[in-house]
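Sequences listed follow chains A and B, in order.
Residue numbering for the first sequence is 1 to 121, as defined by my numbering.
Residue numbering for the second sequence is 1001 to 1523, as defined by my numbering.
One should not assume that every hint holds.
[What the hints assert, rightly or not] Below, in silico cross-link-like pairs of lysine-lysine (DSS-like), each with a Cα-Cα straight-line distance of 30 Å or less:
hint : chain 1 : residue 1 : chain 2 : residue 2
1    : B       : 1348      : A       : 116
2    : B       : 1522      : A       : 21
3    : A       : 94        : B       : 1522
4    : B       : 1289      : A       : 89
Hints listed in this document are in silico derivations from the structure and should not be mistaken for laboratory results.
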Amino acid sequence: MSYKVLIIEDEPAIARVLELKLRQLGIDTTLTNDGSVALDIIKTQDFDCILLDLILPGVDGFSILEAIRQKSQSAKVIIMTNLGQPEDKARVEKLGVTAYYIKSEVSISQLSEFIKNTLVT
Amino acid sequence: MKNTKKYKKTPIKSAIFRVFTTLILIFTALLYLMIAVLIYLQYSGEISMIYTEGATHFLLSIVLGVFILGWFFAYSLYIGIIKPVYDTFSIIVESVDELVNQEHIDRDQVIYLNEFVKNSLEQLNKSSLTQKMNITLNTESYIKKLSELIKQNEELTDSKQELSLIVNQLEEQKDLLELEKAKTNSIIDSLPNGLLVVSKDGNIFLVNQEVEKLLNINQNDLLGKFIYNILPEIQYDQIESNDKVNNVNSFNYVSKDKKKNITIETTHRYIRLNNDILGSVYILRDTTKEMETDRAQKEFISLASHQLRTPITSIKWNSESILSNKNIDLDIKASVNDIYQEGVRMEKLVNSLLHLSRIDLGKIEFNIKDIQLNIYIQDLLKTLKSEINAKNLSIEQDIVLSDTIQNDPVYLDIIITNILNNAIRYNNINGIIKIKVEKITGQEKILLAISDTGIGIPLSQQTQIFSRLFRADNAKSLQPDGNGLGLYVVKKLVESMQGNIWFDSKKNQGTTFFIELPIVIKL
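Using the sequences and the hints, build the whole thing.
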């Protein structure tokens, strides 16, 4: 059985290549580019890992993370954002995240490698 | 004073003249008696029977002699006893009068003396001649006593003068002090920031005009009030916190009449005298505008970073994805690789600009963690492996530091990566990079030295090397894609960590950068 990963990312060019990369690794992906839709998906489905962008249309990533934490304290959430401000990082780390990546600073191979490792542990 | 007047009217004169008049009357009476007896004897003829004319003359001479002797006796009595007694008592009365009129004298003693003199006079008026003479003798000792009293009074007068001199001096000093106080008050009131001082138990005892303005509360409604009743948000604790560091606190303040709604920043320090805490001093500042500007700038940086990084991510990830495809045409691969590298370059530029804006805003917030510098350097070298290998560089390490250091991993990484990247980029093929880390003896600091054997920095351009956007000519021709921000950012970061950075370089021989950092950065 393959791992289920939810990608919450509104930038199509980024979301598409990430989805492609994860599928190549045999990971089952669900993609949404809207915060409100993401909230609905989280309520009804369980994932092995959630990749979460912070700036999103509808509901932002911070609120989604809060919703995830209300449902489960142990769910694996990897933040992938281009917000690099220390206060943004501190805000999500308070809620508990597996990792915080600034997208422009990480290569897709590094990120996918980390996701793979997160899933198996 | 009433008593003094009464004693002044003591009937000294009448007493003396009474004695004197009585004596004269006695002798006059005696004289007339003698003459009457003589006349009677003369006319009765008895005298001629008894005495001759010569005898009559003899008798008259005797009467005259008695009369003269009587007068002489009375006169002697007046000169020898009455006049001195009169003079003495006059002096006593005058002295007593003077004494009683003066201040700073033991009045009881004088009044007692006066009473005594008065009684003595009365006694003198009534007394016999012997008693009067005794009184005269005793008077001398009273005069002596009185002169002592007068002397004491003079001394007291001197002391009084000295005292009034001291009082004058004190008043002058008081005036000076009041002037100084007025000066200090005007200085305090001229302060552009609010100054508020509380006692140890938290009661406000000094505020300047700026505080009244900031809080929109009159000074009289502030003084003596408990600080928490006025500013509940202020940091106030009686526990001795680390007061070497400024206790800065920021909060929103709304005045009772709602006319003031501002952000106040307070800086708090304890007032110490020897080892006692006397109270606390607060500097209050209206930071409303700064906070708004700060918020706007932060929002701009946040937006800029997000907006710039998103297309870079897209370029990098997609080109990387294409490059990972093994079946791709080599020409296309080369082009896509260029796109990828440009993406990396843009990403670095954006990061540098973001760091720069944070530095320029003074908004570097260190997130301090324990760092094993040795492990960190080994990890860094691993990530730079491909660049090092591309130039076939050899790395020599001399890391003598067992302890962990406390620093911000993100910013420390920017510093060391920048310097190490330069050592790689501007090194020659087959060059050497030396990394040396040691603890500076006697100081809680480390010294990091990174040397290369590369192109070096031309002497004429060495002073500009840390300038913003500056690049040395030889560096520009070797690596045209640099942005000239790296060393500027590094220097600013090192300085904000209370560290130092300098270098030693010779053109075409290489450069060594020295970075001195505290083992523990203080916030």
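Distance restraint between residue 1348 of chain B and residue 116 of chain A, which requires alpha-carbon spacing of 30 Å or less
holds (27 Å)
If you draw a straight line from the CA of residue 1522 of chain B to the CA of residue 21 of chain A, is it 30 Å or shorter?
Roughly 43 Å between the alpha carbons, so the hint for residue 1522 of chain B and residue 21 of chain A is violated.
Check the hint pairing residue 1289 of chain B with residue 89 of chain A against an upper bound of 30 Å on the C-alpha distance.
holds (26 Å)
Starting from residue 94 of chain A, check that the Cα of residue 1522 of chain B is at most 30 Å away, please.
Holds, at about 23 Å.
Hint compliance for this structure: hint 2 alone is broken.
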